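Peer 1: Listed below, chain by chain, are the residues.
There are 2 protein chains.
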Amino acid sequence: MVSKSQLKFYASLKDRRARAESGLFIAEGHKAVQEGLKSGCPCEAAFVREGFFGENEETDRLLSNQTVEVLEERDFRKLANTESPQGVLAVFDRRGLLAPSPTERDLVVLYDLADPRNVGTIIRSADWFGFRDILVGETCVDIFNEKVVRSTMGSIFHCRFILAADLAADLRALKPEYRVLTADTGGVDYRNRRRGGKTAVVFSNETRGPSDAILALTDERITIPGFGRAESLNVSCAAAIILASYR
Amino acid sequence: MVSKSQLKFYASLKDRRARAESGLFIAEGHKAVQEGLKSGCPCEAAFVREGFFGENEETDRLLSNQTVEVLEERDFRKLANTESPQGVLAVFDRRGLLAPSPTERDLVVLYDLADPRNVGTIIRSADWFGFRDILVGETCVDIFNEKVVRSTMGSIFHCRFILAADLAADLRALKPEYRVLTADTGGVDYRNRRRGGKTAVVFSNETRGPSDAILALTDERITIPGFGRAESLNVSCAAAIILASYR
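These protein sequence lines map, in sequence, to chains A and B. Per numbering that gives the first Met the number 0, the first sequence runs over residues 0 to 246. Per numbering that gives the first Met the number 0, the second sequence runs over residues 0 to 246.
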């Protein structure tokens with residue numbers, strides 16, 4: 000049985016600081032919990048709402064290897080983040096998803112993104128197009144935020160995250176090996192970018208775009224040409240288009 | 000001076016039925032109000048919060064041609080939909096954005112999309128890539144929903160919407176002229192789709208995808224190949240990639 004103080008602790012994981020200090024985060028719903036358990040990311044605890052089992056065979060099967068706490072609706076809602084929870088959530092150790100440095104050919108870089116859904120959607124697209132390494136700037140929204148996790152639709156468990164303490168410094172350190180491409184306005188058409196070699200492709204803040212420091216270490220600014228009257232594209236759409244062009 | 004009952008009426012526009020009956024909808028924030036006023040879409044009323052003027056030159060200039068009601072914070076919040084409103088909103092007549100039938104070469108079709116932000120983001124991408132005609136299925140979230148309007152970032156005023164009473168019937172009627180392409184799994188690679196001629200490209204419900212009725216009248220199912228372990232792409236990202244491939 001989970002104690003009141005444990006429940007309180009897990010509920011505190013809605014807070015960024017509590018997540019960073021404990022290294023734990025919550026994934027909620029069938030898809031996220033399934034992908035989490037399949038990924039081998041360490042699962043610290045799993046919770047279901049009373050009467051949960053028997054609804055989804057795969058979730059039931061995956062949970063059968065875990066210690067699962069059954070909670071009353073009222074207690075389950077303390078941990079859940081969605082308005083209509085599916086009745087299952089699990090606490091994972093983020094260290095299972097972190098890496099000290101990239102190892103893949105191409106790297107997705109998130110600079111100062113503020114909107115959790117944009118970040119989650121970029122991670123999902125990165126996964127779809129086979130990018131696995133994601134370098135996350137220190138001013139970016141926390142990728143273990145529940146809204147980010149939810150928008151990844153399980154893809155958070157398919158990627159490896161390098162959390163930068165100083166993104167510009169980290170990118171500079173990668174530069175001998177990786178060419179830095181930055182999505183921005185007024186650059187070269189993304190379809191005409193220089194091909195070949197390892198690249199780190201940077202997506203930036205929704206309103207302010209890349210900083211001077213990021214631009215100073217950028218090898219090539221890439222742009223998606225517009226044909227209508229919109230001022231800009233949503234950043235997760237821009238990222239999807241650019242990542243698609245790698246394949 | 001706006002009366003209490005007028006204020007109540009405008010506040011009722013948060014409700015889909017009230018919008019449909021009156022033909023009115025609210026656009027909020029600098030960008031949306033600016034694009035609305037510039038578009039020539041009939042503006043029924045404009046509201047600002049006390050102390051608003053002097054912050055954004057373009058908004059001030061555009062509003063100088065309108066009757067603007069200054070509201071106390073408390074009343075302004077009754078109309079505003081955002082948590083931190085920018086202090087300006089306007090009521091527009093949606094009939095200024097509706098068309099009975101498409102006239103452009105290519106047509107974006109929204110089938111049964113449930114998430115307002117996805118719909119708004121698709122409209123924004125359509126505008127970016129120069130698509131102007133949008134055919135909206137009858138089971139789709141209301142495109143004049145405040146969250147849709149906000150996610151379009153003003154692009155709602157650059158497009159023309161054809162509201163279907165029966166999307167399958169409307170698409171069938173367009174078929175002699177337009178080839179129907181439907182984004183789906185298991186179709187032809189979107190980059191290898193048949194080119195040339197007018198097309199209607201259909202984006203469907205986030206979970207269920209296209210219906211049998213839509214598939215029955217589809218000329219070509221198009222797919223974005225995946226390279227990783229994600230189960231699917233976000234529909235607004237898929238739409239962005241496919242619309243980008245037209246240019």
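Keep in mind the hints are simulated off the structure, nothing from the lab. Computed from a predicted structure; not experimentally measured. One thing to keep in mind: the hints can contain errors.
One copy or two, it doesn't matter: identical chains are merged, so the pair holds either way.
[Said to hold, decoys possible] In silico lysine-lysine, DSS-like type, Cα no more than 30 Å apart, as pairs: (1) K3 / K146; (2) K174 / K13; (3) K37 / K13; (4) K197 / K30; (5) K30 / K7; (6) K77 / K146; (7) K174 / K197; (8) K146 / K30; (9) K174 / K30; (10) K77 / K197; (11) K30 / K13; (12) K13 / K146; (13) K30 / K77; (14) K174 / K7; (15) K7 / K37; (16) K7 / K197; (17) K197 / K13; (18) K174 / K3; (19) K77 / K174.
Peer 1: Hint by hint, note whether the structure agrees.
Peer 2: Right, here's what the structure says about each hint:
no., hint, in the structure
1, K3 / K146, "within (25 Å within a copy, 38 Å between copies)"
2, K174 / K13, "neither (36 Å within a copy, 50 Å between copies)"
3, K37 / K13, "within (23 Å within a copy, 42 Å between copies)"
4, K197 / K30, "neither (32 Å within a copy, 38 Å between copies)"
5, K30 / K7, "within (25 Å within a copy, 42 Å between copies)"
6, K77 / K146, "both (16 Å within a copy, 27 Å between copies)"
7, K174 / K197, "within (10 Å within a copy, 46 Å between copies)"
8, K146 / K30, "both (14 Å within a copy, 26 Å between copies)"
9, K174 / K30, "neither (37 Å within a copy, 38 Å between copies)"
10, K77 / K197, "neither (44 Å within a copy, 52 Å between copies)"
11, K30 / K13, "within (19 Å within a copy, 32 Å between copies)"
12, K13 / K146, "both (10 Å within a copy, 24 Å between copies)"
13, K30 / K77, "within (20 Å within a copy, 37 Å between copies)"
14, K174 / K7, "neither (44 Å within a copy, 59 Å between copies)"
15, K7 / K37, "within (27 Å within a copy, 52 Å between copies)"
16, K7 / K197, "neither (45 Å within a copy, 58 Å between copies)"
17, K197 / K13, "neither (36 Å within a copy, 49 Å between copies)"
18, K174 / K3, "neither (49 Å within a copy, 62 Å between copies)"
19, K77 / K174, "neither (45 Å within a copy, 52 Å between copies)"
Comparing the model with each numbered hint stated earlier shows that hints 2, 4, 9, 10, 14, 16, 17, 18, 19 do not hold.
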